[in-house]
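Asker: Let's have the full structure, built from the sequences with the hints guiding it.
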Amino acid sequence: MQKTLNNKAWFMVLPVLFIVALNAIVPLMTVVNYSVQDTFGNNLFFFEGTRWFSEVLASERFHDSLLRQFFFTFTILVIEVPLGVGIALTMPRRGFWSSVCLVLMALPLLIPWNVVGAMWNIYALPDIGLLGYGLNWLGIPFDYTQQPVSAWFTVILMDVWHWTSLVVLLAYAGLRSIDDNYYRAAQIDGASRWAVFRYIQLPKMKHVLTIAILLRFMDSFMIYTEPFVLTGGGPGNATTVLSIDLVKAALGEFNLGVAAAMSIIYFLMTLLVCWLFYTLITQGEKK
Amino acid sequence: MAQITLDKLAHSYLPNPKGEADFALKEIDHVWEDGGAYALLGPSGCGKTTLLNIISGLLVPSRGSILFDQDDITHLAPEQRNIAQVFQFPVVYDTMTVAENLAFPLANRHVAKDEIAKRVAEALEMLDLAGKANRKAQNLTADEKQKISLGRGLVRYDVNAILFDEPLTVIDPHMKWQLRTKLKELHRRFGHTMIYVTHDQTEALTFADKVVVMYEGEVVQIGTPEELFDQPAHTFVGYFIGSPGMNVLSCQVAGNKLRLGAREVELGCSYPQLDGRTEVGIRPEFVRLAPAGQGLPITITRVEDIGRFKIVRALLEGQRFDAVLPEGREVPEGASALVDPARINIYQDSHLVRVQAQGGN
Amino acid sequence: MTLELRNVSKSVGVEEHIRDVSLTLEKGSLNVLLGPTLSGKTSMMRLMAGLDRPTTGDILVDGKSVVGMPVQKRQVAMVYQQFINYPTLSVYENIASPMRVSGRDKGTIDKKVRAAAELLKLTPFLDRTPLHLSGGQQQRTAIARALVKDAGLVLLDEPLANLDYKLREELRVELPRLFGESGAIFVYATTEPHEALLLGGKTATLSEGRVTQFGATIDVYSRPADLITAQTFSDPPLNVVPMEKRGSQLSYDGKSIAAPAETGGLPDGTYKVAIRPHHLLLRPPAGAAIQVEASVSTTEITGSESFIHVEHDGLRWVALTHGVHRVEIGDRVPVYLDPAGFLVFDEDERLVAAPSSYVAPPRNAMGA
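Chains as they are written, first to last, in our numbering: chain A, 49 to 335; chain B, 183 to 543; chain C, 193 to 560.
There may be inaccurate statements among the hints.
Looking from chain B toward chain C, a few residues come up when the C-beta cut is under 7 Å (computed) [what the hints assert, rightly or not]:
1) Pro225
2) Pro355
3) His356
4) Glu367
5) His381
6) Leu387
7) Pro407
8) Glu408
9) Phe411
10) Phe422
11) Ile488
12) Gly489
13) Arg490
Since the hints were made in silico from the structure, they are not lab data. We put the CB at the ideal spot given by N, CA and C, even for glycine.
Answerer: See below:
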């Protein structure tokens with residue numbers, strides 16, 4: 049709200065700008081470059097205009113992986129957000145146990161992504177993994193290396209395990225900011241548990257939840273490491289989400305132009321959704 | 183509406199209180215009348231909030247019990263006590279409109295729709311909020327929000343008591359007057375039992391029929407504003423009520439003679455032999471300033487003109503002594519103080535010594 | 193130093209927080225900013241401190257513009273409504289902190305900290321951390337820190353608002369004394385007229401970002417330049433009565449009396465007459481007065497005073513009387529409008545006449 053009076057402060061931002069330029073803007077320009085040209089190696093390039101873009105947009109393969117991407121993101125949001133809020137609501141509001149809960153909740157977030165992938169890879173193996181073996185033992189046929197349903201189930205379960213904590217922590221922070229007197233007033237007004245949630249907790253959590261959804265959307269939309277380590281996009285192309293498809297196109301098939309066009313479309317989509325969320329949040333604050 | 187009985191109530195926040203000092207609320211034993219307006223008045227840490235929390239059901243007292251009419255409610259949860267409460271910082275349901283806020287406690291209790299509409303309309307009218315019925319509660323001013331909090335209690339016809347926890351803290355002075363008079367008006371019309379917690383004497387005195395003055399976990403006096411002003415039972419009450427507070431000076435009393443240092447004043451009645459610390463309490467409002475020689479000689483240190491009166495800060499026999507001078511009156515040269523003997527109170531170990539007008543005890 | 197605000201305005205977005213304010217604050221003076229919430233008190237203080245830059249206008253210290261000079265370079269100390277201290281530092285270190293920053297030597301720091309602590313009755317608590325102090329002690333720590341800073345400008349933004357009533361009363365008596373000794377410019381924001389009067393000094397009344405009047409506190413109270421100033425400076429609220437002037441007569445509700453001498457030169461017409469609650473009488477005064485019958489809407493009795501709220505012809509008034517005055521609600525009581533207490537405002541709500549008894553306490557010849 050207030051203007052800074054000390055303009056020298058801007059110099060402090062310069063190093064960051066420089067680093068961001070090196071690791072984001074320069075690679076991005078390279079990608080833009082690739083997306084409008086064709087190459088057959090030896091540093092020979094031919095200008096192709098928007099050919100790659102129209103090819104990508106028309107390709108069934110792209111549509112399929114985009115659809116899988118949306119399915120994945122939508123599913124994990126539908127599971128993680130209500131689940132996270134639910135867990136946050138059951139956590140103690142203060143005292144020793146609230147710290148214990150917080151530490152337990154933070155644990156999955158501390159594990160590197162490729163380790164998560166590897167963990168679940170083993171955990172879900174039908175012959176030696178606890179989950180895979182257990183399910184089969186219960187009579188449920190489960191093999192994520194062979195059956196698409198099992199693969200999807202595992203990928204989503206893994207993401208829920210890994211990231212629900214983030215939603216929990218954010219929702220919990222929102223809940224903690226509610227003054228005790230709100231609960232007392234609601235109690236005195238005879239409000240049901242649901243009414244307390246609907247009229248006190250949810251409105252107060254609205255902001256952090258929007259942020260949680262935004263973060264989870266971006267993260268899941270760009271997810272790569274965990275499913276790559278777990279299923280490699282298989283069986284077949286069953287769990288090939290956008291990022292995996294992109295890497296397949298670029299490094300597997302060396303279709304640099306197609307891959308570059310794909311990544312730009314991908315990038316623009318993410319940007320669009322973030323912008324939508326951003327306007328949503330700031331408008332909500334203005335009111 | 184209900185009569186509230188505090189039966190040998192005491193509370194300590196420690197699991198095993200040893201002595202008196204461990205009690206945040208020392209034993210009290212009182213009956214508060216149905217339909218009365220009570221104020222709990224005292225500085226922070228005096229136990230008034232503890233007592234309020236016991237009445238609202240947030241705390242279970244360590245000793246004694248609390249009754250609404252004949253029912254022991256000591257162990258009931260807040261929602262089972264059928265009370266309403268207005269908090270220090272306004273609590274409204276942000277996403278609801280004003281009308282929805284008022285309907286909320288009724289909807290929760292499954293009151294019929296047309297009955298809810300009727301009562302809400304009535305409450306909106308009473309609180310002068312009719313024009314804002316469909317506004318979002320979030321965007322209202324602090325005093326309007328407090329009215330909504332109050333309204334959520336008013337729509338329930340059967341509340342046993344309405345509790346107020348320093349409800350005017352965040353309200354501007356001008357709006358304080360309006361809210362306070364509104365509150366009085368509503369109390370008169372509906373006769374709810376009201377309990378009002380505050381550290382502000384003006385709020386307490388103007389609101390309540392009976393003011394409960396608390397100090398260090400103890401109720402030091404319960405009385406009408408007049409009683410508290412004219413005959414403070416404890417020097418603390420004298421100091422706390424009134425602005426400036428009562429002058430308290432150490433003195434000696436013998437029969438109907440009051441000795442202040444080298445000076446002697448005749449009292450309106452005769453006192454028995456007093457042991458312990460003896461003090462005299464004189465309200466600045468009952469001090470008249472006169473030219474030197476006519477009364478007790480005082481040394482004026484400062485005069486504060488606050489418009490409708492002046493506060494004269496002085497020393498009497500080396501002790502702090504304030505006097506109040508009405509508007510337009512000038513401070514006489516070389517002033518002395520005249521005190522109406524009937525308005526002098528004598529304290530022994532901080533407690534008022536009550537005597538019959540004709541001496542004896 | 194002297195601090196001058198010259199035609200200062202401040203807008204944030206489309207909202208105007210401060211509108212064309214000009215003020216000169218003298219060295220060693222105590223200046224009260226009086227106004228309701230959102231009248232611009234805090235915005236003014238932020239401008240004075242240099243936390244904000246005015247949208248237009250200039251701010252001068254000793255005649256030199258300081259607009260754009262960062263806060264750190266100005267000699268400013270600030271005390272807020274919330275008790276703001278360093279939670280992990282002891283009271284001693286809290287008070288010493290501004291001097292440590294400016295690199296004063298140990299001996300001076302110790303001397304000044306102890307002196308300030310003594311003045312503010314904090315000596316027994318110097319080793320404690322603020323969390324182990326009462327609200328009053330915490331705020332005294334913040335005030336002590338502002339005092340030792342040797343700032344030329346000390347800004348206090350409703351410093352007593354979060355304290356108990358009695359504690360407020362005590363600190364209020366101490367503060368002007370502390371202020372007087374340091375020689376700095378003190379600016380004190382409050383919403384309470386009573387507090388302004390007790391502090392004395394000078395008062396600037398604020399309304400919607402404008403300074404409506406600036407002068408010696410008691411003068412602003414006795415001779416408010418306009419109706420809004422009078423209202424800002426009245427607690428309980430001011431009674432306003434529309435009156436008609438014809439020749440040497442003032443009339444209301446069909447009754448007239450001889451207009452007070454001060455209104456002599458005024459043309460005939462309609463005036464707004466403001467009567468402070470303690471001048472709205474329930475018993476007949478010695479001289480002539482307009483008597484009307486009003487109905488009692490509420491009574492508030494504090495033991496020493498009674499506030500009687502009455503309604504007459506759709507107007508709501510409040511009378512403040514000494515002692516206990518018992519009337520029943522709904523009763524019709526006579527109310528006396530005593531010309532000795534009339535503040536007369538014209539149709540533009542500018543003050544055109546005030547009782548002479550208000551104006552000139554014989555010994556100082558201030559006012560009109």
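Asker: Each of the hints needs a verdict: does it hold here or not?
Answerer: Verification of the hints:
A cut of 7 Å between beta carbons decides the hint on Pro225/B: the least distance to chain C is about 5 Å, and the hint holds. A hinted interface residue such as Pro355/B counts as satisfied when its beta carbon comes closer than 7 Å to some beta carbon of chain C; here the least separation is about 5 Å, so the hint holds. With a least beta-carbon distance of about 6 Å to chain C, the hint placing His356/B at the interface is held under the 7 Å criterion. Against a cut-off of 7 Å between C-beta atoms, the interface hint on Glu367/B holds, since the closest Cβ of chain C lies about 6 Å away.
This hint holds: His381/B has a C-beta 4 Å from the nearest C-beta of chain C, less than the 7 Å allowed. About 4 Å separates the beta-carbon of Leu387/B from the nearest beta-carbon of chain C, less than 7 Å, and the hint is met. Evaluation of the Pro407/B hint against chain C yields a held restraint, the C-beta minimum of about 4 Å falling below 7 Å. Interface hint status for Glu408/B: upheld, as the beta-carbon distance to the closest one in chain C is roughly 5 Å, under 7 Å.
This hint holds: Phe411/B has a C-beta 3 Å from the nearest C-beta of chain C, less than the 7 Å allowed. Restraint check, Phe422/B versus chain C: the minimum CB separation of about 6 Å is within 7 Å; hint holds. About 4 Å separates the beta-carbon of Ile488/B from the nearest beta-carbon of chain C, less than 7 Å, and the hint is met. The interface hint given for Gly489/B is met, as the beta carbon of that residue sits about 5 Å from the closest beta carbon of chain C, less than 7 Å.
Look at Arg490/B: its Cβ gets to within about 5 Å of chain C, closer than 7 Å, so that hint holds up.
In summary, the structure agrees with every hint in the numbered list given earlier.
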